[in-house]
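Engineer: Protein sequences, first through last, are from chains A and B.
Per our numbering, the very first residue in the first sequence carries number 1; after that it's consecutive.
Per our numbering, the very first residue in the second sequence carries number 336; after that it's consecutive.
Just so you know, the hints here were simulated from the structure itself, not pulled from any lab data.
Among these hints, one or two may not hold up.
Stated by the list, open to error - Here are the computed lysine-lysine pairs in the PhoX-like style, where the Cα-Cα straight-line distance is at most 25 angstroms:
id, chain 1, residue 1, chain 2, residue 2
1, B, K543, A, K238
2, B, K735, A, K241
3, A, K238, A, K193
4, A, K193, A, K97
5, B, K553, A, K241
6, A, K165, A, K241
7, A, K153, A, K286
8, A, K287, A, K153
9, B, K543, A, K241
10, B, K517, B, K445
11, B, K543, B, K553
12, B, K449, B, K553
What the hints assert, rightly or not - Pairwise CB distance ranges (calculated):
id, chain 1, residue 1, chain 2, residue 2, range
13, A, L79, B, S633, 32 to 40 angstroms
14, B, A438, A, L3, 39 to 47 angstroms
15, A, F185, B, K449, 37 to 45 angstroms
16, A, L305, B, G557, 54 to 62 angstroms
17, B, L447, A, F183, 52 to 60 angstroms
18, B, E477, A, A143, 41 to 49 angstroms
19, A, F183, B, I724, 27 to 35 angstroms
20, B, G510, A, K193, 46 to 54 angstroms
Claimed, not checked - Covered, in the sense of this in silico footprint (three residues per stretch, anywhere, with C-beta under 8 angstroms from a C-beta of chain B), are these stretches of chain A:
id, stretch
21, 128–140
22, 176–190
23, 224–234
24, 242–254
25, 263–272
26, 305–311
Cβ coordinates follow ideal geometry from the N, Cα and C atoms, glycine included.
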Amino acid sequence: MDLLNAIVALANFVILPGISYGSQLALGALGVTLIYGILRFSNFAHGDTMAFGAMATILMTWWLQSLGVSLDPLPTALLALPVGIAATALLVLGTDKLVYKFYREQKAAPVILVIVSMGVMFVLNGLVRFIIGVDDQRFADGARFVISARDFKEITGLREGLAIKSTTVLTVVVAVIVVALLFWFLNKTRTGKSMRAFSDNEDLALLSGINPERVVMITWIIVAALATIAGTLYGLDKSFKPFTYFQLLLPIFAAAIVGGLGNPVGAIAGGFVIAFSEVTITYAWKKVAGYVFPSWEPDGLIQLLSTDYKFAVSFAILIVVLLFRPTGLFRGKSL
Amino acid sequence: MTLTPKDVLLFLGVFALIVLTGFTQSWNVALGILNMGLISAIMALGVNMQWGYAGLFNIGVMGFVALGGLGAVVVSMPPVTEAWAAGGLRVIGALIVGAATIAGAVIAWKRLPKGPVRALLLVLLLVAGFYAFRGLFDPAVEAIERINPASTGYLGGLGLPVLLAWPVGALLAAGAAWLVGKTALGLRSDYLAIATLGISEIIIAILKNEDWLTRGVKNVIGIPRPVPYEIDLQNDPNFVDRVASFGADPVTASSIAVKLAYSGLFLVVLLALLWLAQSALNSPWGRMMRAIRDNEVSSEAMGKDVTARHLQVFILGSAICGLAGAMMTTLDGQLTPASYQPLRFTFLVWVMVIVGGSGNNFGAVLGGMLIWYLWIMVEPMGLALITFITSGMADGFWLKDHLLESAAHMRLLTMGLILLLVLRFSPRGLIPER
Numbered sequence: 001m002d003l004l005n006a007i008v009a010l011a012n013f014v015i016l017p018g019i020s021y022g023s024q025l026a027l028g029a030l031g032v033t034l035i036y037g038i039l040r041f042s043n044f045a046h047g048d049t050m051a052f053g054a055m056a057t058i059l060m061t062w063w064l065q066s067l068g069v070s071l072d073p074l075p076t077a078l079l080a081l082p083v084g085i086a087a088t089a090l091l092v093l094g095t096d097k098l099v100y101k102f103y104r105e106q107k108a109a110p111v112i113l114v115i116v117s118m119g120v121m122f123v124l125n126g127l128v129r130f131i132i133g134v135d136d137q138r139f140a141d142g143a144r145f146v147i148s149a150r151d152f153k154e155i156t157g158l159r160e161g162l163a164i165k166s167t168t169v170l171t172v173v174v175a176v177i178v179v180a181l182l183f184w185f186l187n188k189t190r191t192g193k194s195m196r197a198f199s200d201n202e203d204l205a206l207l208s209g210i211n212p213e214r215v216v217m218i219t220w221i222i223v224a225a226l227a228t229i230a231g232t233l234y235g236l237d238k239s240f241k242p243f244t245y246f247q248l249l250l251p252i253f254a255a256a257i258v259g260g261l262g263n264p265v266g267a268i269a270g271g272f273v274i275a276f277s278e279v280t281i282t283y284a285w286k287k288v289a290g291y292v293f294p295s296w297e298p299d300g301l302i303q304l305l306s307t308d309y310k311f312a313v314s315f316a317i318l319i320v321v322l323l324f325r326p327t328g329l330f331r332g333k334s335l
Numbered sequence: 336m337t338l339t340p341k342d343v344l345l346f347l348g349v350f351a352l353i354v355l356t357g358f359t360q361s362w363n364v365a366l367g368i369l370n371m372g373l374i375s376a377i378m379a380l381g382v383n384m385q386w387g388y389a390g391l392f393n394i395g396v397m398g399f400v401a402l403g404g405l406g407a408v409v410v411s412m413p414p415v416t417e418a419w420a421a422g423g424l425r426v427i428g429a430l431i432v433g434a435a436t437i438a439g440a441v442i443a444w445k446r447l448p449k450g451p452v453r454a455l456l457l458v459l460l461l462v463a464g465f466y467a468f469r470g471l472f473d474p475a476v477e478a479i480e481r482i483n484p485a486s487t488g489y490l491g492g493l494g495l496p497v498l499l500a501w502p503v504g505a506l507l508a509a510g511a512a513w514l515v516g517k518t519a520l521g522l523r524s525d526y527l528a529i530a531t532l533g534i535s536e537i538i539i540a541i542l543k544n545e546d547w548l549t550r551g552v553k554n555v556i557g558i559p560r561p562v563p564y565e566i567d568l569q570n571d572p573n574f575v576d577r578v579a580s581f582g583a584d585p586v587t588a589s590s591i592a593v594k595l596a597y598s599g600l601f602l603v604v605l606l607a608l609l610w611l612a613q614s615a616l617n618s619p620w621g622r623m624m625r626a627i628r629d630n631e632v633s634s635e636a637m638g639k640d641v642t643a644r645h646l647q648v649f650i651l652g653s654a655i656c657g658l659a660g661a662m663m664t665t666l667d668g669q670l671t672p673a674s675y676q677p678l679r680f681t682f683l684v685w686v687m688v689i690v691g692g693s694g695n696n697f698g699a700v701l702g703g704m705l706i707w708y709l710w711i712m713v714e715p716m717g718l719a720l721i722t723f724i725t726s727g728m729a730d731g732f733w734l735k736d737h738l739l740e741s742a743a744h745m746r747l748l749t750m751g752l753i754l755l756l757v758l759r760f761s762p763r764g765l766i767p768e769r
């Protein structure tokens with residue numbers, strides 16, 4: 001019985017949060033990795049693109065809510081998502097045309113593009129703050145839990161409760177659908193194959209008559225969709241605050257690099273590696289340990305690191321991977 | 336390398352802008368902008384060494400600046416003797432154990448033969464070291480933080496003159512830079528960027544959470560000054576008499592005098608650094624750096640140790656950022672870890688370097704002063720612009736209220752636009768590399 005309690009406590013505080021955070025990171029890292037594979041630079045504006053997408057979705061959600069439209073028990077934000085994606089796609093295509101295209105035609109060094117993306121990050125950051133402000137915004141509605149902790153305890157008779165948040169389920173379901181669609185697109189469709197060809201060998205792809213501008217445009221649209229979905233899911237699951245999206249940049253890049261930059265499968269694996277390490281290392285294991293070893297009475301919380309240091313975890317993993325396997329767990333590009 | 340008439344004009348222009356602020360607003364504001372502008376110029380010099388000389392992409396400036404601030408606290412604050420008695424030595428012992436564990440792990444990794452034995456030993460060593468560290472560290476920290484938490488609750492500093500903190504801040508930043516550089520240099524440029532971004536977030540997290548060291552978010556206030564206090568000047572009959580002979584108000588005059596004293600100090604540091612940086616850039620070392628930046632392969636073929644030279648310049652540049660950080664904390668008189676924002680301390684410095692002209696020290700200085708001026712002035716300008724735009728709208732109209740409220744965020748937007756425009760139309764900056 002105690003072992004069951006331990007498993008439930010572990011699932012409640014470590015596994016479920018890890019899965020939803022991991023899915024959100026994986027979606028974000030996919031966007032970074034696609035840009036890296038096709039456009040060949042690290043896009044520092046990605047966190048703020050996520051913030052912009054989430055903001056567009058939130059504004060649409062509020063409008064729908066004011067009209068009385070609802071998807072109960074699902075959050076209304078799902079209905080608003082396509083609009084958010086469209087707005088973000090227009091934004092990134094606009095920035096590409098106004099900003100990035102010039103440097104692409106000049107064949108500028110990747111690091112110049114990184115600095116340019118820093119400028120875009122500034123502008124987007126200002127834009128998001130300008131439109132929606134810096135405060136926390138709530139836009140989640142619909143059912144909060146699939147099973148609340150109390151219901152779970154009553155049903156199973158265990159002492160530990162397992163609360164399954166509806167946003168967790170939603171995150172996982174949406175992430176699985178999106179990833180499946182993305183991989184189908186990249187592996188089965190003609191356009192997707194041309195994208196992969198372009199990523200593998202640009203000159204060869206150009207020789208085979210692939211239109212580079214079309215590939216770039218489709219990449220940006222996919223990245224906009226991924227960023228908006230990741231941003232909205234993160235906002236639904238935690239809360240929307242523009243600054244947190246900027247801070248997500250570090251775990252997202254860590255995920256993409258750990259998995260191998262430019263490799264989509266790696267981005268997903270990296271997202272989960274980072275998320276689970278952050279959660280397990282900053283979790284206070286006292287409760288779980290208490291069930292597994294009833295006779296042991298630890299003094300502290302058995303927390304390896306306080307939650308304030310979760311960045312240190314992504315960073316440490318990043319450094320270890322960079323030192324021992326610079327191309328990432330799944331062979332990415334290393335230029 | 337000499338300055339062209341155009342460059343001199345640009346410097347005069349920035350100077351004129353600041354003087355104009357003095358006439359239209361107040362000399363206090365103008366000198367405030369000047370002082371932070373001088374510090375920003377030093378930060379820009381540091382980043383320019385890394386990016387302009389060597390092409391290293393460091394976006395962890397904030398972390399090195401914050402370490403400089405820590406240096407100011409550790410050197411100049413009076414020691415809290417009860418806290419030292421309660422756990423000072425134990426904390427230091429714990430840190431030594433932690434460092435020894437990591438050093439031991441690195442040595443074990445290098446010396447032992449490859450295989451499962453090495454892996455097992457390494458894991459055992461790290462786990463044992465971690466528990467030893469936590470076992471020593473946690474109770475000591477608790478003891479220190481229990482001592483008078485409302486006013487101290489930390490170890491305090493060494494009680495030395497604050498000017499000593501400036502080189503110490505630079506040393507701290509250099510140490511952190513050595514650690515980052517050792518691991519991330521020699522890999523691709525984006526990796527260095529991410530590594531520096533990470534280390535700066537970690538440094539800020541440490542400053543925010545390790546109350547025994549920095550009082551965390553409770554802030555350390557009242558850091559001793561290298562210049563006199565306003566109130567002492569106002570009580571000094573000599574000063575009051577001299578000011579009265581100019582016909583000035585002693586209260587305003589005292590704060591201006593203090594700010595001028597800071598400006599003098601900062602100017603001396605800036606000019607010294609600028610001279611050093613210029614000499615370095617024009618020496619064989621500087622030419623080698625630029626050769627490495629322009630073509631790593633050919634420099635390596637000429638027998639230059641690219642990674643070692645990169646490490647060298649990375650440490651130098653970071654040390655200068657740390658120095659600027661210590662100066663800034665001295666100017667503020669307090670260390671407020673929560674106020675370190677990457678957009679303000681990392682990316683703004685990058686805007687300064689790019690706008691001023693990467694690779695040119697004078698450009699970095701100019702960019703630092705100019706962009707700091709704009710950073711301060713864009714807010715009122717943006718507000719004025721928005722007030723003008725919305726003047727046609729009825730009062731109480733939601734859009735008008737929203738726009739007026741959001742005017743403060745115009746800064747980031749403007750800085751981003753400036754960066755993008757300069758990169759697009761004048762990528763070599765205002766004073767290009769020569």
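Engineer: Evaluate each hint against the coordinates.
Structural biologist: Okay, the hints, checked on the actual structure:
A threshold of 25 angstroms between alpha carbons decides the hint, and for K543 (chain B) with K238 (chain A) the separation of about 22 angstroms falls inside it, so the pair holds. Between the alpha carbons of K735 (chain B) and K241 (chain A) the distance comes to roughly 23 angstroms, so the proposed pair stays at or under 25 angstroms and holds. Straight-line distance between C-alpha atoms of K238 (chain A) and K193 (chain A) comes to about 36 angstroms, which puts the hinted pair past the 25 angstroms bound. At most 25 angstroms may separate the alpha-carbon atoms for a hinted pair to count; K193 (chain A) and K97 (chain A) meet this at roughly 24 angstroms.
Taking the CA atoms of K553 (chain B) and K241 (chain A), the gap is about 24 angstroms. The hint holds against a cut of 25 angstroms. A distance of roughly 20 angstroms separates the Cα atoms of K165 (chain A) and K241 (chain A); the hinted pair therefore holds under the 25 angstroms criterion. Distance restraint check for K153 (chain A) and K286 (chain A): the Cα-Cα separation of roughly 20 angstroms lies within the 25 angstroms cut-off, and the hinted pair is therefore satisfied. Under the criterion of a C-alpha separation no larger than 25 angstroms, the hint pairing K287 (chain A) with K153 (chain A) is consistent with the structure, at around 16 angstroms.
Between K543 (chain B) and K241 (chain A), the direct Cα distance comes to roughly 20 angstroms. Compliance with the 25 angstroms bound is thereby established for this hinted pair. Straight-line distance between C-alpha atoms of K517 (chain B) and K445 (chain B) comes to about 15 angstroms, which keeps the hinted pair within the 25 angstroms bound. About 9 angstroms separates the Cα atoms of K543 (chain B) and K553 (chain B), which keeps this hinted pair within 25 angstroms; it holds. Our distance criterion of 25 angstroms between C-alpha atoms is broken by K449 (chain B) and K553 (chain B), whose separation comes to about 48 angstroms.
Taking 32 to 40 angstroms as the suggested C-beta distance range, the pair L79 (chain A) and S633 (chain B) does not conform, at roughly 58 angstroms. Checking the proposed 39 to 47 angstroms range against A438 (chain B) and L3 (chain A) shows it holds: the Cβ atoms sit about 40 angstroms from each other. Checked against the hint of 37 to 45 angstroms, the C-beta distance between F185 (chain A) and K449 (chain B) comes to roughly 42 angstroms, which is consistent with it. L305 (chain A) and G557 (chain B) have their C-beta atoms about 32 angstroms apart, which leaves the hinted 54 to 62 angstroms range violated.
Between L447 (chain B) and F183 (chain A), the C-beta spacing of about 42 angstroms breaks the proposed range 52 to 60 angstroms. Distance hint check: the CB atoms of E477 (chain B) and A143 (chain A) are about 43 angstroms apart, consistent with the given range 41 to 49 angstroms. A hinted range of 27 to 35 angstroms for the beta carbons of F183 (chain A) and I724 (chain B) is inconsistent with their spacing of about 47 angstroms. Taken as a hint, the range 46 to 54 angstroms holds for the pair G510 (chain B) and K193 (chain A), whose Cβ atoms sit roughly 50 angstroms apart.
Coverage of the stretch 128–140 of chain A by chain B holds in this model, with 5 residues showing a Cβ closer than 8 angstroms to a Cβ of that chain against a need of three. Taking a C-beta to C-beta cut-off of 8 angstroms, the stretch 176–190 of chain A contributes 0 residues in contact with chain B, too few for the three needed, and the coverage statement is violated. Only when three residues or more bring their CB closer than 8 angstroms to a CB of chain B does the claim for the stretch 224–234 of chain A stand; here the count is 0, and the claim is violated. Taking a C-beta to C-beta cut-off of 8 angstroms, the stretch 242–254 of chain A contributes 6 residues in contact with chain B, enough for the three needed, and the coverage statement holds.
Under a criterion of three residues with beta carbons nearer than 8 angstroms to beta carbons of chain B, the stated coverage of the stretch 263–272 of chain A fails, only 0 such residues being counted. Residues of the stretch 305–311 of chain A with a Cβ under 8 angstroms from some Cβ of chain B number 4, which satisfies the need for three, so the listed coverage holds.
Of the numbered hints stated above, those contradicted by the structure are hints 3, 12, 13, 16, 17, 19, 22, 23, 25, listed in ascending order.
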